[in-house]
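If you read the sequences in order, they're chains E and H. The first sequence begins at 1 in the numbering used here and counts up by one. The second sequence begins at 332 in the numbering used here and counts up by one.
Please note: incorrect hints may appear among the correct ones.
Stated by the list, open to error - Chain E residues, not near chain H, derived (Cβ > 12 Å throughout):
no.: 1; residue: G122
no.: 2; residue: A192
no.: 3; residue: P269
Stated by the list, open to error - Here are the in silico distance ranges between beta carbons for each label pair:
no.: 4; chain 1: E; residue 1: P203; chain 2: H; residue 2: G519; range: 48 to 56 Å
no.: 5; chain 1: E; residue 1: V213; chain 2: H; residue 2: V628; range: 55 to 63 Å
no.: 6; chain 1: H; residue 1: R643; chain 2: E; residue 2: G148; range: 55 to 63 Å
no.: 7; chain 1: E; residue 1: R270; chain 2: H; residue 2: A548; range: 55 to 63 Å
no.: 8; chain 1: H; residue 1: G342; chain 2: E; residue 2: P203; range: 32 to 40 Å
In short, the hints are calculated from the structure, not lab data. Note that CB positions come from ideal geometry on N, CA and C, so glycine has one too.
There are 2 protein chains.
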Amino acid sequence: MADTLGEVGEGATLARIFPRLPDAAAAIVGPGDDAAVLRAPDGRFVVTTDTMVHGPDFRRAWSRPVELGWKAAATNLSDVAAMGAVPTALVVALVAPADTPVADLESLADGLRRACDALAPGCGVVGGDLSVSETLTIAVTAFGDLEGRAPVLRSGARPGDAVAVAGRLGLAATGLRLLFAEGVDAAGHPDAAAAERLRTAHPEPLAAQLSPVPPIALGPVAARGGATAMLDVSDGLAIDARRIASASGIAIDLDAAAIARVAGDGVDPRAALTGGEDHALLATFPADAAVPDGFVVIGKAAAGAGLLVDGRAVDERGGWDPYADWDGRAG
Amino acid sequence: MADTLGEVGEGATLARIFPRLPDAAAAIVGPGDDAAVLRAPDGRFVVTTDTMVHGPDFRRAWSRPVELGWKAAATNLSDVAAMGAVPTALVVALVAPADTPVADLESLADGLRRACDALAPGCGVVGGDLSVSETLTIAVTAFGDLEGRAPVLRSGARPGDAVAVAGRLGLAATGLRLLFAEGVDAAGHPDAAAAERLRTAHPEPLAAQLSPVPPIALGPVAARGGATAMLDVSDGLAIDARRIASASGIAIDLDAAAIARVAGDGVDPRAALTGGEDHALLATFPADAAVPDGFVVIGKAAAGAGLLVDGRAVDERGGWDPYADWDGRAG
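My request is simple: use the sequences and hints to build the entire structure.
Given below as structure tokens:
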């Protein structure tokens with residue numbers, strides 16, 4: 001299509017994007033003024049920001065524009081949910097090359113809307129900014145409502161608590177490994193046709209990597225169910241479990257067989273422990289409380305420090321380092 | 332200095348940046364968990380986002396890192412103030428080339444802190460994200476507290492209202508014009524030494540362009556003083572006055588002599604009308620109300636439509652188009 005961001009210009013492009021974005025039920029003043037005004041019914045709000053950058057975080061050859069919008073929304077909604085909050089709104093700063101087709105930006109907006117509609121109904125986009133740059137970058141800031149509850153921090157786990165997870169483990173990392181191994185051309189560069197073949201051959205891990213479906217609604221459920229600590233598993237179960245252990249001043253002992261069951265068929269249990277971008281919720285619950293539906297117990301908190309699996313200390317790092325695997329070039 | 336973002340890594344760089352950032356008095360949970368939690372005492376909050384991208388929005392050869400942090404904060408604080416709100420917090424998504432010295436990122440954090448301390452005491456940084464990319468990009472989202480008041484929108488001006496401005500007009504555009512004309516080397520590329528000479532020869536317009544001081548505190552003052560409409564003059568007085576006229580369904584008639592007085596010595600009155608990045612506050616006040624100290628009357632609202640100067644319609648566009656002057660290359 002002939003019309004690109006550079007040709008159409010910022011104002012006219014925004015006019016095409018805005019009607020595609022979801023409305024926020026919490027908006028008192030929506031987009032179009034110097035700022036938006038949002039409801040914060042209990043006198044507080046949750047805020048998080050996470051950026052996706054072409055190269056380290058995604059490749060245009062692998063991700064469709066609608067998937068970029070979906071994933072940018074989903075990963076931020078997941079951080080809101082991990083506090084036990086209900087997502088209310090997003091603002092989106094979009095920086096795109098001047099030769100980006102406006103149709104791609106429209107698809108990206110569709111992805112934002114679909115993710116909000118599917119994962120957090122009522123959540124919408126209340127503002128944004130559009131700029132040009134050589135590197136496609138999507139910076140989303142997301143807001144949530146704690147509905148009068150205390151936020152569920154990383155620091156509240158106590159010895160004896162059950163450690164439970166909602167969502168899949170290792171599947172997104174499996175998808176990324178497949179893309180790096182087989183989603184490339186003869187020269188090793190990310191390749192759209194190769195990625196299409198992978199989508200057909202391995203739909204689950206590819207979808208987990210390219211358009212993840214975090215269990216957003218289970219964040220508030222966990223909070224209501226008495227969760228003592230919670231986080232979004234984004235850097236791998238090992239790293240993120242260690243974060244809860246460290247912040248809470250306890251040890252976490254995971255059950256390898258339970259992790260393998262959560263990972264399921266087609267996932268190397270090692271990927272379930274160390275792979276990143278799961279966007280599962282990892283939470284701890286008091287030993288005497290029922291773990292809410294949707295959560296699976298994979299271990300327990302104990303006195304001590306650090307991470308154990310089946311009682312043995314796990315010191316290796318594991319997880320996704322945005323710098324380690326990026327060569328800054330093609331894709 | 333040897334250590335760059337790529338060498339030091341994300342986590343260690345954040346550990347060096349965080350202690351330099353300002354605390355937010357409104358923070359219940361600050362940085363370090365999946366999300367922050369902020370107070371919104373009247374059950375609402377104001378939110379705005381604005382991005383600065385290397386190339387269209389700034390040049391490393393002209394802007395010191397501390398100025399980039401200052402300007403990124405100041406421009407967002409100005410959008411909060413333009414709603415009549417008191418800024419409470421920022422989140423900052425920073426995307427920088429891997430070869431960026433960590434010391435530059437520390438200076439950028441210092442600029443964020445200095446701007447908050449000077450322009451909006453109590454406002455602080457409650458979260459952020461750090462990523463690598465080839466293009467330095469600073470996406471700030473800012474929050475504010477309306478203190479129980481209605482937000483001051485663009486749409487509330489009525490015929491007969493006084494039109495008034497707080498801050499300078501045309502000075503930032505004059506600084507940018509000087510930089511493009513004389514802040515370059517023989518090949519026409521942005522040059523740090525040439526910019527240094529300009530800072531000495533023309534300190535006021537250079538400072539207005541590189542480290543603007545918007546009248547943040549006057550936003551809530553205007554709201555308390557009965558402002559019927561207000562915005563942040565970022566795209567030039569002509570464009571932004573027309574925005575109030577259009578949103579309010581009125582005409583705005585500006586007084587050329589008053590504009591020239593606000594612009595002051597060394598500023599072409601035409602730059603005052605069409606130049607961008609003033610970050611002045613343009614507001615309308617009821618005819619029978621006293622205009623608050625710090626605001627200067629430059630015109631009046633009338634029945635009709637569009638923008639007039641001394642009673643004559645002004646149709647030209649004017650203002651700063653981020654696409655028009657950018658070649659995507661050096662600087």
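So which of the earlier hints does this model not fit? none
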